[in-house]
Amino acid sequence: MKRRVVITGLGIVSPVGNDVDTAWDNLINGRSGIDRVTRFDASGLNSQIAGEVRGLDLGAYISPKEAKQMDTFIHYGVVAGLQAWRDSGLDAGTEDPTRLGTIIGSGIGGLPRIEETQIEYMQRGARRISPFFVPASLINLISGQLSIMLGLKGPSYAVVSACTTGLHSIGDAARLIEYGDADVMVAGGAESSVSPLGMGGFAAMRALSTRNDDPQTASRPWDLGRDGFVLGEGAGVVVLEEYEHARRRGARIYCEFSGFGMSSDAHHITSPDQDGPRRGILNALRNSAVNADEISYVNAHGTSTPLGDKNETDALKLAFGDHAYKLVVNSTKSMTGHLLGAAGGIEAVFTALAVHRQISPPTINLFDQDPECDLDYCANQARDMTIDVALSNSFGFGGTNGSMIVRRV
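First residue of the sequence shown? That's 138 in the numbering used here, and the numbers climb one at a time after it.
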């Protein structure tokens, strides 16, 4: 028999805020975190806007010496992980450390450090390569560093599945708890690819919005004028815990993680189809043992691409039938941009908060809704509503799909 899993801790580093309260306040009030790129000179790219992390007090979490041994994506993942752990109220010293673990992944990993090291190598030779270069760039080193800091001696690894990474990481972690391999898992995703190659690669694909003169309205999911996604960065991490374990220690429970579904399009590396997401959603419903008409809120993948937004809308209609028109669907990417491997992590945080606080964030910048995208996207204003069961979707290159369901406890 599967054990029940609940979410007891949240942590976030994002374009809309570097702690949960700030990020949620900005989100609910429809404040965009997207602006002109400051990290490097992006004037040579057709897209010069991004959702950058600003004002992060890294020294409050990691010493300067330790920070030098990590790429930025590890900084973000560790900070969000430490926030979530502190928020949960857990103390590794009073727990069996072999029952505590972590899965925090990234879609791309240490791209900025790789770029910088290549430049250093070309200019000054192999002797200038840092001995920390490899561990600073490896994707599983978010989990590795966090496990060392917190003394987590249970499962420690990373999931890498492009833009579905964060959600897959959380789903994997929940199953480890369900089937008895751990009692507590720290899980999510992190990304820091606002760099010349990161942005340049997506720009070369014509995947990014080029609305450079109006950054804060550039990410506009389901709007007729959407012209691509806006690259974001940051991390979102949750603490998952076996229900009885959480109840015994009197933990605050945000919601129950009740279902996880996966699928593959087996169609195209970048162009989605409707059947894959549909099957992923249905698999999550089956795993959660809830009926489709019990879902009231969907935190959508909603990237602001012409094809992707329509595809997800069509997939929701296929999965939910007539009930799709009763769903409140929103895309928090309208404010954060698309955080790639971190997207599913921060959107899990937002979905948990939506259930916990009974409010749907808005989809901002929905000025002229695409008639082919005809669902209720919670346009431009947050909405107080009853949310007993919620769905969150993530889809990634290679046709990999993930859906998770959380419910009010």
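By construction, these hints were calculated from the structure, which means they are not laboratory data. One or more hints might be untrue.
Claimed, not checked - Only pairs whose alpha carbons sit at most 30 Å apart, straight line, appear in this in silico DSBU-like list of lysine-lysine:
1. 202 x 290
2. 139 x 290
3. 290 x 205
4. 463 x 447
Unmet hints by their number, sorted upward, for this structure: none
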